[in-house]
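Protein chains in written order, with numbering that gives the first Met the number 0: chain Y, 0 to 103; chain A, 0 to 630; chain S, 0 to 498; chain P, 0 to 488.
What the hints contain is simulated information worked out from the structure, not anything from laboratory work. Please read all numbers here as calculations on a predicted model, not as lab measurements. For glycine and all other residues, C-beta sits at the position ideal for the given N, C-alpha and C.
Straight-line distance between alpha carbons at most 30 Å, and here's what the computed DSS-like set of lysine-lysine pairs gives:
{"no.": "1", "chain 1": "A", "residue 1": "Lys596", "chain 2": "S", "residue 2": "Lys154"}
{"no.": "2", "chain 1": "P", "residue 1": "Lys294", "chain 2": "P", "residue 2": "Lys436"}
{"no.": "3", "chain 1": "P", "residue 1": "Lys294", "chain 2": "A", "residue 2": "Lys577"}
{"no.": "4", "chain 1": "S", "residue 1": "Lys150", "chain 2": "S", "residue 2": "Lys33"}
{"no.": "5", "chain 1": "A", "residue 1": "Lys604", "chain 2": "Y", "residue 2": "Lys99"}
A few chain Y residues that face chain A, going by a derived Cβ cut-off under 8 Å, partial list only:
{"no.": "6", "residue": "Leu17"}
{"no.": "7", "residue": "Ile20"}
{"no.": "8", "residue": "Ile21"}
{"no.": "9", "residue": "Ile29"}
{"no.": "10", "residue": "Ser90"}
{"no.": "11", "residue": "Glu91"}
{"no.": "12", "residue": "Phe93"}
{"no.": "13", "residue": "Thr94"}
{"no.": "14", "residue": "Gln95"}
{"no.": "15", "residue": "Leu96"}
{"no.": "16", "residue": "Ser97"}
{"no.": "17", "residue": "His98"}
If you anchor each label on the Cβ, the simulated ranges turn out as follows:
{"no.": "18", "chain 1": "P", "residue 1": "Thr262", "chain 2": "S", "residue 2": "Asn491", "range": "33 to 39 Å"}
{"no.": "19", "chain 1": "A", "residue 1": "Asp116", "chain 2": "P", "residue 2": "Val460", "range": "26 to 32 Å"}
{"no.": "20", "chain 1": "A", "residue 1": "Asp77", "chain 2": "P", "residue 2": "Met198", "range": "28 to 34 Å"}
{"no.": "21", "chain 1": "P", "residue 1": "Gln435", "chain 2": "A", "residue 2": "Lys209", "range": "58 to 64 Å"}
{"no.": "22", "chain 1": "S", "residue 1": "Asn491", "chain 2": "P", "residue 2": "Leu41", "range": "47 to 53 Å"}
{"no.": "23", "chain 1": "A", "residue 1": "Lys572", "chain 2": "S", "residue 2": "Glu443", "range": "44 to 50 Å"}
{"no.": "24", "chain 1": "A", "residue 1": "Glu553", "chain 2": "P", "residue 2": "Thr262", "range": "51 to 57 Å"}
{"no.": "25", "chain 1": "A", "residue 1": "Asn562", "chain 2": "P", "residue 2": "Gln435", "range": "30 to 36 Å"}
Next come the chains, spelled out residue by residue.
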Amino acid sequence: MNPDNFLYLSIILFAIGLIGIISRKNLFVIYMSIELMLSSVNLVLATFSRVHSEHDGAVIALLMIAVIAAEAAIFLALIVYLYKNTKTIDSEAFTQLSHKRGAK
Amino acid sequence: MSTLLLLVVFLPFLSALVLGLTYLFDTHKRVNEKFYTILGVAVPILVTILSFVIVLDLMSHSSTTVVTAVAFNWLSIDSFHIDLAFVADPLSAVMISFITFIGTLIHIYAAAYMSSDQGFGKFFSYFNLFLGSMLLLVLASNPIIMFIGWELVGLVSYLLIGFYNKEYENVTAANKAFIVNRVGDFGFIIGLGILFVAMGDNGFTFADIKENIYAIDNHTLTLVGIFLFIGAMGKSAQIPLYVWLPDAMAGPTPVSALIHAATMVTAGVYMVARFSFLYNEIPQVGEFIAIIGVSSALFAAIIASYQSDIKKILAYSTMSQLGYMFVAVGLGAYSAGIFHVFTHAFFKALLFMGAGAVIIALHHEQNIFKMGSLKKALPLVYITMFIATLAISGIPPFAGFFSKDAILNHAFMSEHYTIWVLGVITAFLTAFYMFRMLFIVFVADMKNNHIEHKALSKALTYPLIVLAIGATFAGFLGANEAYGGSDLFKSFISLNDINYSISHSTEYMLGFVNVLVSLLGVTLAYKYFRTSPQEPLPNKRVRTLIINKFYVDELYDRLFVQNLRSLSNFFNKTVDEKLIDGFINNVVHLNLYVASKFTSLQNGKIQHYSIYLLSGVSMMSLLLIYILEVR
Amino acid sequence: MIEDILLALPLAIVVLGAIVLMLISHFPTVSLKKYNLIAVFFLVCAFILKLTQLDDSNHIYLFEPLFNKMFVIDTFSNLFDLLFLAGAIVTLLINTHYFQERDYYNGEFFSLLLFSVFGMMMLSHANELVTAFISLEIASISVYILVGYNKNSLKSSEAMLTYIVLGALSSTFFILGTALIYGVVGSTFIGDIYSFIQNNPTKEITMLIVALMFIMVTILFKIGAVPFHSWVIDVYQGAPYPITMFMAATFKIAVFAIFLRLYLIDFTHFYDIFSKILQVVAVVTLIGGSWLAISQNNLKRMLAGSSIVHAGYLLIALSSIGLGAEFAAPAIVFYLMSYFLSAVGAFGILSFIAAQRRRRATFDDFKGFSQERPYLAAMMTIFMLSLAGFPSTIGFLAKFYIFLSAIESGQIFLAGLGITVAFISIYYYFKLIALMYFYPTDEEPKKFPFGISSSVIFLMALLTIWGGVGTGWIPFLPGVDTLVETAKEAINSISVKPY
Amino acid sequence: MQNLLSLIIFLPISAVVLMGLFQVSLKVLRVISLATSVLVFLLVSYLGLNFDPLQSMQFVEVLPWIESYGINYFVGVDAISYILLFLVSLFIPMLFVFIWDEDRKGFFYNLLLLQTGVMGTLLSLDLILFYLFWEMMLLPIFIMIGAYGYGLRQANAMKIIMMTVLGSMTMLFSILYLGYLFFEDNGFWSFSLFGLSSMSFSSDISIILAAGFLLAFSIKIPLVGFHTWMAPAYSSAPTPALVILSAIMAKLGIYGLWRFGFTLFEGPLSYYAPLTITLSIVGILFYAIHAIMEKDLKRMFAFSSASHLSLITLGLFSINIYSWSGSLYLVATHAISSAGIFLLIGMIGKRIKSIKISDLGGIATVAPKFAFFFAFFALSIAGIPGTGGFVAELLIIMGAFKYSFWVGVFAATTMISAILFIFWMLQRTIYGKVSQKVADGFYELSRVELLLLLPLMLLLVLTGIFPSFFISFFEPTLGMMLFQIGDIS
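Throw the hints in and build the complete structure from the sequences for me.
So, in structure tokens, the structure goes:
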């Protein structure tokens, strides 16, 4: 099989994910973008698995999904917690830690 | 003999140490003046006796014998050996004999002059220290030790000029003296340095230098000669380094008499005579010395004619007489120069001590125009001062005539007619200003004279008499056969003089000219100042110029002092703060500025952080592409 | 098999401890102190066990029939395990005081910490990229949670947010790299990749290089190299002190554990390329880190900034590896040990003080500290000196090795820059010393607080000094030389190429 | 006494550690500090009695330290280092006596630490060991200036540390590179001075490496251009720090040039000689003129000592036995003079809480003994005959003339330069009218103070009157060093 198309697709997905992280302010969307990137990589893995005609890659993809899920759990919990405390999920609202000048 | 020689130098130092420590640690003033007087005067007397013994010993031998004494090895590096050693040859023996003799007299005089002064002990400590240093200078067997003495006398001179240190001006004068002297020493040490390099491994005593002088090329010798003479300029107050001498009169009068008239200031002349073998090789430098000497003599004489401070007049007169001496040594008449040093010591010390007596009598009044008709009040002082004035004016048969005559004759015979003419003019002026002073102080009737006179103690007056005898008869020691003498002085010190044969008739003729101009000066002074003083020169502008000493002090102040101070401020404010620190601070601030700009990227926004991250990835990718393509 | 079990036992003990702690954290009766003790107990057990195994287990694949060659046990990994365990132990001990002063700590905290240590240990053993990734994620995810553990503080949560978003973003690159490598090589074992490159010098090589670069991005992100540094300062500040300390001193070492292994094996053929990249990153990191550190007022942020600079020094050594510096890799290990000691000490004192003062530690808070607490101030001085690379501390020797390796590999410019940056760092470290000693204080002088925290800090200070001047003359006490030799042995154990 | 040098180096620091751990009271602290320093002084004197001037390096101790990099604990003493060693060991007990009434414990701890640092610097012959002590001695100075100083002490302490560390860093680079070159040549590492000096390397590299050392020492000395830390640091420093700074630490720059510069880089240093000699010449005059308008005594004498150190540097780079002997002699005598003068300035500060020249005046009237000592030490700095400074300056000038005529002439300017400000300063401080502050608070030297100053004065006078005795102590060593240099270049 020709893996090119699959790879193009994953590149597009990866890029969308990247752009999403950079351009969106909603934490959920940011999170979704990250998931998208990870999924695109999984697609790559699956593709290569087919190319090599063995199952290693697919297994790796499955493992990755587990890891991603773990991350998702924490991320979602965090978002919920943040929303509870600040009533917003705008990423720009959380800039307390920025560098403060003066105050010497 | 050599032990005696060591004693001559070390005794004054020792007594200075004892006196100084006693004074310093005697906080409750328990030690009374007698102790200081006895110790302070006894040592010079002892040293005088010792020096006479040495001189007599030298006289009893042939002229080439010298007495040497090595104390210890002072410095020894590689092949460079400097012993703390002393040589008494005729030249130095003569020097120490009159230095100690006059020094003793002035010590005695000072015991009276300084009595009941707070710093009596200190004064004698310094005085003895000076005597020791001067003897060290004179007796040194090598230029390095001589330089130590040279420096030490300068230091003691500084301490004594600033003796009354509560007065700010006195200390200023002391500083001026020391700094100007140091400028001279700067030249001196450069001379020594060049000489040192030129000598190589051949040793560095005067004897060694004399032996190897022919191995050194003339150019180097010229440099050495000039630089050494710069040292002499400073010490002996010649143009342009003379400015300190008049100010140095701020010290107590015995100090002026001993240091700034009789001994220290003649060190320069002595030094040139000591190096006579060197200066004989470089007559062009000798001429230069003579020109400086005669100009200083004339210049000082002009200024002296308009001074009103008795000590300043004497100071300028000293400078003028030193000029004569340099004319002599510059033109190769070393013994004539030293002879003038010798006679000058007597009459100038006498003049100063007389002036001191007057000052004491008038409760520290120094302005001659506030004195007048002291003849009756102070007859002894008047007579002795009169003798001294005659001596300095070159009236025969007083001491000054013979020495000055010898110098002027030499100038004439060596065909330096300009120098001779200037010398003669100076002789005229000398007679004029000295008698001016004498008349104003002792004879003229001043209306504003209401000061009570203080009685003078014997210690103040007896030394005057002794010196007056010296000022009268010392000249005969050096009288040449034309005047019925036998050149005793010259043949004894036996320096490498350049001799000219001179017929008796020329001799008499020149002597006559000298006496004539001197008498002219006396007459002029008599005319203007016998009764009531009036300055002879009508042109007011010229007079102001002269009274203000040609504004040389002001010029130096503007030229050196002010500039140095503003330079110092410039270094501090501009170079350090603006230039160097400014540069460093700018670098630091630039760094901090960039740092703060860079840090302000930390704005806490996740998007931005992601962009940094991704831009990092892009940069790395670009770099990778670049590297791979290159490969 | 039995031997394997024995070798795996430390790992097992740690994970067991984590699970035990998780279970008992449901019982409200257990006090915080006890949790702490239990956690330390498990860690110490693992530590001692590991210590006995340090040398006698060279290059063994753990449960090879079962896991293939996923886990390797060699001196290198053992040494790093020891460092992680020590890091965790020290973190817990130093912060006993801190935990008691804060109300939001409970058993789960310790459990998570142990999980994270477990992840790191796995990481140092990992001989395969996916294993490495999973271990890294175990460690990271635990740390994400720990960073945001202070639920009362929005800052803490915000730090967690920053860290998790950027961390996840960076991990995508790791997976991407892994995926690409899998695509090229058909395997993700480190050894396989090495032999693939060796056997196929030209085929698909560019893709492999790109893949390795992606992996490197993640690593650079984790160690906080510029321009992947942006999270460091914020997260360090937002995190609770114990976690800041843990991240700075321990987690960073863990990242180097995997990176060194990868770099020494898989990158071997591409040293000329990656050295150049690393050089550029090192330059940027050194300069940028200094700029960051120099303009901070908050001590924690300053230390965070300086940790970026320290990463820069490590990058110098990394690039030296590729250019033929013989001792560059051991220098990295030694540097990590040195940084561990000094950073743990410095953060320890910060947390010790923060435990009582309950406010952010700015520079100004340290005014007159030497009069208030002379001994702590002296120790803080020692740590600052060590971080600044002042001689007679371990920090100096660490920098000494790094610079020497840079010179050895001909990177004169980097060595010069490193020294310049060390010079700049003197400024911000000495600023603290100056504040401690040069100003008066209103506080009463306090006695030396004898206790676990302070004694551990004291021990760290002693080690910092000993590491700088220690000699081998005193019996039973390892000198500096021993440390260096250990580092060399560790590196040698991975340099023995598999296959 | 096999480990005499180690004992000398580590006695003070062990006292610090022990006293620090047991938190001794102020009284005990004083006594033990003084006792320790006196003990060190006795040990150093004992060392001096067993010292053989005809040998170069003695009492050598070598112990492995970091074997993998060939770094050894390598110490030894020769005439050059012994002179400074002796002076440090003499000054420190004196300083303890001087600060006897001080109630800030840090003074005592820091002085002892400083002693270890300085002595280690003087004695170490391994470059890394040297660097260690070189940096170590900065810390106590930093803390003493910053914590116990005056004026803008914090900023000035930062300034001194940053400037000196800048130099140290370049030196570190050179040390590392030297070590690497040695490794490249021989296949094993060594940082020992003699190991490295036996190496021959290309002149281009050596010129760059020499610059690293030169910068470090130039900042320490400081030569013109690197001096802006000096005046602030001096003016802020408390007396003990000041004495050590001017009398010892500045000389360590010279010492470093001597020990490391000329042993390792004889070729490159003659390459730099025109530059350094120019800087020294500029320095002699620049600093002296700078000092004229300074308003406080510490700053003034800071510039004064910088001027003299420039002269010493000039002598050092004139590379002949006369200038070297003179330089080393001036190192010693100037150390004594400046210790004396700064002690006296400290005493002025103790009495009237000000060292501004404008606040002073007429001390000679109020306290003649004090004035005498003050004038003596000030004049000894100006190099009056009868003090060692005169001999030293004379020798340097002679040596400079050997090197070149113009250098000699400029060296001779030191005759004038020092007196420009010293005499005016004396005029305004000890002479003249008694100022208000002096009249209010000034008192005569106490017995203890007298006891501190007398030995210094005695040393100065003895060095001035019997120089050959002292010079014979170090002349053979210098001769040997010059011979070696001549051998190679």
